[in-house]
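Engineer: Protein chains in written order, with this note's numbering: chain F, 1 to 305; chain D, 1 to 559; chain B, 1 to 303.
A portion of the hints provided could be inaccurate.
Partner residues are not named here, just some residues of chain D that face chain B (Cβ under 7 Å, in silico) [to be verified]: (1) Lys120; (2) Gly354; (3) Ile358; (4) Gln418.
Straight-line Cα separation of at most 27 Å, DSS-like style, residue types lysine-lysine; simulated pairs [to be verified]: (5) Lys307/D - Lys158/F; (6) Lys158/F - Lys559/D; (7) Lys345/D - Lys449/D; (8) Lys179/D - Lys167/D; (9) Lys425/D - Lys31/B; (10) Lys55/B - Lys432/D; (11) Lys207/D - Lys117/D; (12) Lys110/D - Lys496/D; (13) Lys200/B - Lys123/F; (14) Lys89/D - Lys253/D; (15) Lys212/B - Lys200/B; (16) Lys179/D - Lys158/F.
Far from chain D, by Cβ distances over 10 Å, these chain F residues were calculated [said to hold, decoys possible]: (17) Met37; (18) Gly75; (19) Leu95; (20) Lys123.
Since the hints were made in silico from the structure, they are not lab data.
Using N, Cα and C, we set each Cβ at its ideal position, and we do this for glycine too.
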Amino acid sequence: MGSYIVRRLGGAIVVLIGIAVITFLLSYALPSDPARMILGMRASQAEVNQLRIQMGLNLPLYEQFWRYFINLLHGNLGQSYQLDMPVTELIEQRLGLTAQLALAAWLFELIIGIPAGIIMALKDRGFLDHTLNVITLIGVSLAPFFLGLELLYWVAFKANLFPAGGSGGIMYVILPGLTYGITGAAYYARLLKTSMLDVLNSDYIRTARSKGAGMWRVVFGHALRNAMLPVMTYGATDIAALFGGIVVIEDVFGYAGVGSLAVNAISQTDVPVIMGTVIFAAVFVVLFNVVVDLLYGLVDPRISY
Amino acid sequence: MMAKKQMRLVGVVASVALLSTALAGCSTQPTATAPVNHTVAQQGAQPTYGGTLTMDLSSPFPHLDPALAYDTTSYEAVTQMYDQLLTYKGTSNTIIPDLASRWSISKNGKVYSFWMKNAKFWNGDPVTADSFITEFQRVLSFSASGGQGFIAPLIVGSEAFEKGQAKTISGMKSLDGGKELQITLTQPSPTFQYVLAMPFFSAVDPKYIAAHPDTAKNDYMAQHPMGTGAFELSSVNPGQQWVFTKNPHYFKKGLPYLSKLVFNLDSSPESVLLHFEQGQTQFIGYNQAGNGIPGPDYLPIMSSKWKSDTYTTTQVSTNYIGLNSSVAPTNNLLVRKAMEYAVNKEELLRIVNGRGVIANQPIPISMPSGYQTHLPASATYNYNPTMAKKLLKEAGYHGQAVTIYSDNSNPTDALTAQALQGMFKQVGISAKVKLTSWNVFLANNETGKQGVFTLAWLEDFPDPSDFLNTLLNSNQRPVNNSSMFNDKAVDKLLNKAQTMPNGPARNAIYKQVESLVMEQAPWIPYVYPTFTAVFQPNVHGYYLNPNLVDPFQAMWISK
Amino acid sequence: MSQMMTTPGGLEQTLAYPPKKQSSKFVRVLKAYPLVFIGGIMVLFLVIMAVFAYKIMPYNPNYQFPNGLAMNGAPLAPDKQFIMGTDELGRDVFSRVLAGAQISLEVGVFASIISLFIGTTLGIISGYFGKWVDTIIMRITDIMLAFPFVLFVVALVSVLGQSVSNVFIALGVLGWAVTARVVRGQVLAVREFEYVQAAKALGAPNWRILFKIILPNIAGPVIVLTTLAIGNNMLAESTLSYLGIGVAPPQASWGNMLAEGQQVFQYAPWMLYYPGLALTLSVLGFNLLGDGLRELFNPRRVR
Chain F
1 MGSYIVRRLG
11 GAIVVLIGIA
21 VITFLLSYAL
31 PSDPARMILG
41 MRASQAEVNQ
51 LRIQMGLNLP
61 LYEQFWRYFI
71 NLLHGNLGQS
81 YQLDMPVTEL
91 IEQRLGLTAQ
101 LALAAWLFEL
111 IIGIPAGIIM
121 ALKDRGFLDH
131 TLNVITLIGV
141 SLAPFFLGLE
151 LLYWVAFKAN
161 LFPAGGSGGI
171 MYVILPGLTY
181 GITGAAYYAR
191 LLKTSMLDVL
201 NSDYIRTARS
211 KGAGMWRVVF
221 GHALRNAMLP
231 VMTYGATDIA
241 ALFGGIVVIE
251 DVFGYAGVGS
261 LAVNAISQTD
271 VPVIMGTVIF
281 AAVFVVLFNV
291 VVDLLYGLVD
301 PRISY
Chain D
1 MMAKKQMRLV
11 GVVASVALLS
21 TALAGCSTQP
31 TATAPVNHTV
41 AQQGAQPTYG
51 GTLTMDLSSP
61 FPHLDPALAY
71 DTTSYEAVTQ
81 MYDQLLTYKG
91 TSNTIIPDLA
101 SRWSISKNGK
111 VYSFWMKNAK
121 FWNGDPVTAD
131 SFITEFQRVL
141 SFSASGGQGF
151 IAPLIVGSEA
161 FEKGQAKTIS
171 GMKSLDGGKE
181 LQITLTQPSP
191 TFQYVLAMPF
201 FSAVDPKYIA
211 AHPDTAKNDY
221 MAQHPMGTGA
231 FELSSVNPGQ
241 QWVFTKNPHY
251 FKKGLPYLSK
261 LVFNLDSSPE
271 SVLLHFEQGQ
281 TQFIGYNQAG
291 NGIPGPDYLP
301 IMSSKWKSDT
311 YTTTQVSTNY
321 IGLNSSVAPT
331 NNLLVRKAME
341 YAVNKEELLR
351 IVNGRGVIAN
361 QPIPISMPSG
371 YQTHLPASAT
381 YNYNPTMAKK
391 LLKEAGYHGQ
401 AVTIYSDNSN
411 PTDALTAQAL
421 QGMFKQVGIS
431 AKVKLTSWNV
441 FLANNETGKQ
451 GVFTLAWLED
461 FPDPSDFLNT
471 LLNSNQRPVN
481 NSSMFNDKAV
491 DKLLNKAQTM
501 PNGPARNAIY
511 KQVESLVMEQ
521 APWIPYVYPT
531 FTAVFQPNVH
541 GYYLNPNLVD
551 PFQAMWISK
Chain B
1 MSQMMTTPGG
11 LEQTLAYPPK
21 KQSSKFVRVL
31 KAYPLVFIGG
41 IMVLFLVIMA
51 VFAYKIMPYN
61 PNYQFPNGLA
71 MNGAPLAPDK
81 QFIMGTDELG
91 RDVFSRVLAG
101 AQISLEVGVF
111 ASIISLFIGT
121 TLGIISGYFG
131 KWVDTIIMRI
141 TDIMLAFPFV
151 LFVVALVSVL
161 GQSVSNVFIA
171 LGVLGWAVTA
181 RVVRGQVLAV
191 REFEYVQAAK
201 ALGAPNWRIL
211 FKIILPNIAG
221 PVIVLTTLAI
231 GNNMLAESTL
241 SYLGIGVAPP
251 QASWGNMLAE
261 GQQVFQYAPW
271 MLYYPGLALT
281 LSVLGFNLLG
291 DGLRELFNPR
301 RVR
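The following block holds chain F by itself, in its conformation from the complex (with noise of 0.2 Å):
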């Protein structure tokens, strides 16, 4: 177990810096100034010369890195060239109300994708099965920002169900966490329609079926808890990314979250703020993973390293 944890961790450490250079790599190779982007327009060719000295533009690519990588190291993802705050204290800002979209849209894929993954799999290649696989394959097929404006205009406008878009409190998040758990319940839905069908198959429930327990009582006593056990394992993962910001949605719905900063920084090419939201996201994955994978190993005796 200890040389597990090491191992993982390890392992985490090298990801954790291949994420840096990959960032670091595409911020250099980005065609825009930064010194020129900090000092505007109107500034002179000698203030941004002399700035990109202060920045370190001129030196070495492994020296940039170097110093890319301590800022990294110290939480510092650099400074908005719109907004002129820094990129940490930005996101800072917005995590609160990204982590209520993320169990939102969370919560809503669990919401559509479980039931529909428990009727696929009792009523396995039935119509009903079907019927429920297209519905949530359309649901994936969507562009995430057509679904959300179709939502937005129909729910939130036309039936006066909702506001138009906003943020800040439940009746904010329901519509853009509706928006995504439409496109990703599919997801779920399949998922628990496999692991249900390898439980429903095995002997204890063929036994406990036998021994004449109903249907329902079968299902929902025994067969979903053991089959949730992978849907559970993707969902870690999926709310790990969703921590990150819900790019799109967040956008369409004018929801405050760093998804929306990520956004507007691309319409403003807000490069610092751009790979901030990008490094923020890729760290949060994989710190997250990483203690879901501890934590398993802590409850699931079953795990064997």
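Let chain F serve as the given structure and place chains D and B on it in line with the hints.
Structural biologist: Relative to chain F, chains D and B alone:
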């Protein structure tokens, strides 16, 4: 006044560039139309106090510091928080005192004296002559300001201060214990009074600034403004929301009516429309980067019940296509002329839903002077594809690719660029469209290497020099003069007009310049745009001065 | 665990089983799973439309009809001349939807081929050679999977510049990680087969084992993944267009048509709904087909 040869080639006006102020025009008839119950003209109704005006903002405010603000989005916020010595009356180009109680100009036109009103900053500090001297110094010492060109070297001692050779600007004096401000110019200027109405030259609190020293790079004032204005910045959620609350001690008694202004960042036109339709926002106007109702939202609003709640006025602005004379193939005059003939301006106007008037020269029709009613034939281009093809042949054009650069944040610009590409193709010019974000677009344009680009210019003040000298004088290359126009005769005329007194002689020079410029075809001016704002039926008191922004202090919401 | 992040539900699980001969079960699968037909027909229809787009379309998709706009500049609703209406520049939406089919499919297919190539190669190397090679490749895969895909692609397109080929290159180069994971798992399973062990023991060269045994055995899952990836990449292209960095105008892609239609959908809904419908149905086609093929290649599911 704005540009002398010595002037640094800073991008003086570039970032305001797009879309800014509108001018209801003096010489030409103001075209403002608005339902009676919304305008100030309505005297019957008694304004009510209180209420919150919520709006969408198309991009974050780039600057909240008056010394750095030089774009239509920043102006919207800065002018609520800060006041200037002079301002414009109503929707006219008439200058009236603002923070000055009265003012006078010496006989030789060089010495300006201003007496201060009894006004206070939000923190209770009084406005004095030093409030302005400090701000003029800040503008000169912040290289990124963009405002230097308006006062240096015009004000005596400004250059010495800018270069760090003097600790103060010798031409600016605080007299009578700060109650009087005296400004001495090196020569008379026909436009200095307009300059003093620009947000650059607002009153700032010297004591506050001394307590929180700032530089252009680390700007305390940008995060924590301190002004005299009707609205005070009360909270910011960076990149998302800006809230301004009423200044209860505003020096204009009885104003403002509204308690609160709320700006929410929302860049997509479809959301801007939905928010308004749902009543989440009360208003769409200058807050949309100075453009009024965003392009895609215009037709839906004009065909809705809100049509009667709109306000329309002609902007003193020119939308143009820049043809860069320093890169191939637009360095060939014949190719540029062919492009002029290839453009169907009526079609371009129709694409923007007829929101404007067809343009044929840099100066907008609503500018009080300088507009040339009858351009000579040599400077006139009517849509004529056959002529375009003929000129291309003459020029020896063999299908070199042209790139049309445009800003992707403005849906109408992106459409115009595509339409233009189609028109070029019709006459045999192969063009591709390159859309980038506004920042990147400007940064590239500033280098003077973009061959063909779509851009617009909005007046800083009602004087033709603001268009012709700023954008076409060769000493403004490449930042403002990004079409790289370079003509000795034009330069000579422009430089001469800079110091001439206002009047027919100066006006005649600008008209002459217009003909000379259009003969060289550095621009395809295509539309003088109109501005349309829309508000909920309970919002009152709206008007738009061509040189200013939304008049929030005069607006009120009925219960 | 994290490997499943972007895998459509349970894919790896079902793929992890060693495939057997399935020809005899083929018909039974199709009977049991009719949706694969529907998906296949939808994809076939899309491909035909895309390939013959320029033969089918009534007009040049980039031509701006002078009579394609109302006097006030409003796009025209569908009528006899323009059966799907016109857009804000007076261009024929139907012709553009067809031209867009070509571009969108091109992006989807080429991006997927690139990912397929990179992912399969790395997956095979990783699974077959194992040891430190495996560790390195799997770490790189972890890195790729940690990034938020859309933003990652945005960053790369910003570096490469905006064009059709750069869009599919970026999608392809960044989207191979799942394929690599799945292929590696498959190779690991196949490697343990007795006949592979036997072939190795008999001294068969690596390339022979790779091409004769391993490749045919991983083909099924890889086809499934690629089918699904085409749909996903078509969606990703639309997202890039929404963010303003997709296929550059005036070239029509469903993505940028959707992005334009989005802005005006209240008064020109045809500009949003026709490309939206085309995109959704096409992606659905690939998803149904991929989903069906997965069942097809998974013998355990057919009883």
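Engineer: Now, for every hint given, state plainly whether the structure supports it.
Structural biologist: Each hint, compared with the structure:
A distance limit of 7 Å between C-beta atoms decides the matter here; for Lys120/D the minimum to chain B is near 45 Å, and the interface restraint is violated. At about 6 Å, the closest approach between the beta carbon of Gly354/D and any beta carbon in chain B falls short of 7 Å, and the interface hint on this residue holds. For Ile358/D, the interface hint is violated, since its Cβ never comes within 7 Å of a Cβ in chain B; the closest pair sits about 14 Å apart. Against a cut-off of 7 Å between C-beta atoms, the interface hint on Gln418/D holds, since the closest Cβ of chain B lies about 5 Å away.
As the CA atoms of Lys307/D and Lys158/F are separated by approximately 20 Å, the hinted pair is consistent with the 27 Å bound. Proposed proximity of Lys158/F and Lys559/D is supported: the alpha carbons are some 25 Å apart, at most 27 Å. At most 27 Å may separate the alpha-carbon atoms for a hinted pair to count; Lys345/D and Lys449/D meet this at roughly 25 Å. Proximity of Lys179/D to Lys167/D is assessed by CA-CA distance (about 22 Å); at most 27 Å being required, the pair is judged to hold.
The straight-line distance between the Cα atoms of Lys425/D and Lys31/B is roughly 54 Å, outside the 27 Å bound, and the hint therefore fails. This hinted pair checks out: Lys55/B and Lys432/D have alpha carbons roughly 24 Å apart, not beyond 27 Å. At roughly 18 Å between alpha-carbon atoms, Lys207/D and Lys117/D fall within 27 Å of each other, so this suggested pair holds. Our distance criterion of 27 Å between C-alpha atoms is met by Lys110/D and Lys496/D, whose separation comes to about 18 Å.
Distance restraint check for Lys200/B and Lys123/F: the Cα-Cα separation of roughly 45 Å exceeds the 27 Å cut-off, and the hinted pair is therefore not satisfied. In summary, the hint linking Lys89/D to Lys253/D is supported, as the alpha carbons are separated by about 17 Å, within the 27 Å threshold. Taking the CA atoms of Lys212/B and Lys200/B, the gap is near 12 Å; set against the 27 Å cutoff, the hint holds. For a cut-off of 27 Å, the pair hint linking Lys179/D to Lys158/F is broken: about 59 Å separates their Cα positions.
Residue-level check failed: Met37/F sits 7 Å from the nearest beta carbon of chain D, not beyond 10 Å. No Cβ of chain D comes within 10 Å of the Cβ of Gly75/F; the nearest lies about 18 Å off, and the non-interface call holds. Once the 10 Å rule is applied to beta carbons, Leu95/F is consistent with being away from chain D; the minimum gap is 13 Å. The beta carbon of Lys123/F is kept farther than 10 Å from every beta carbon of chain D, the shortest such distance being approximately 40 Å.
In this structure, the earlier hints numbered 1, 3, 9, 13, 16 and 17 are contradicted, and the remaining ones agree with it.
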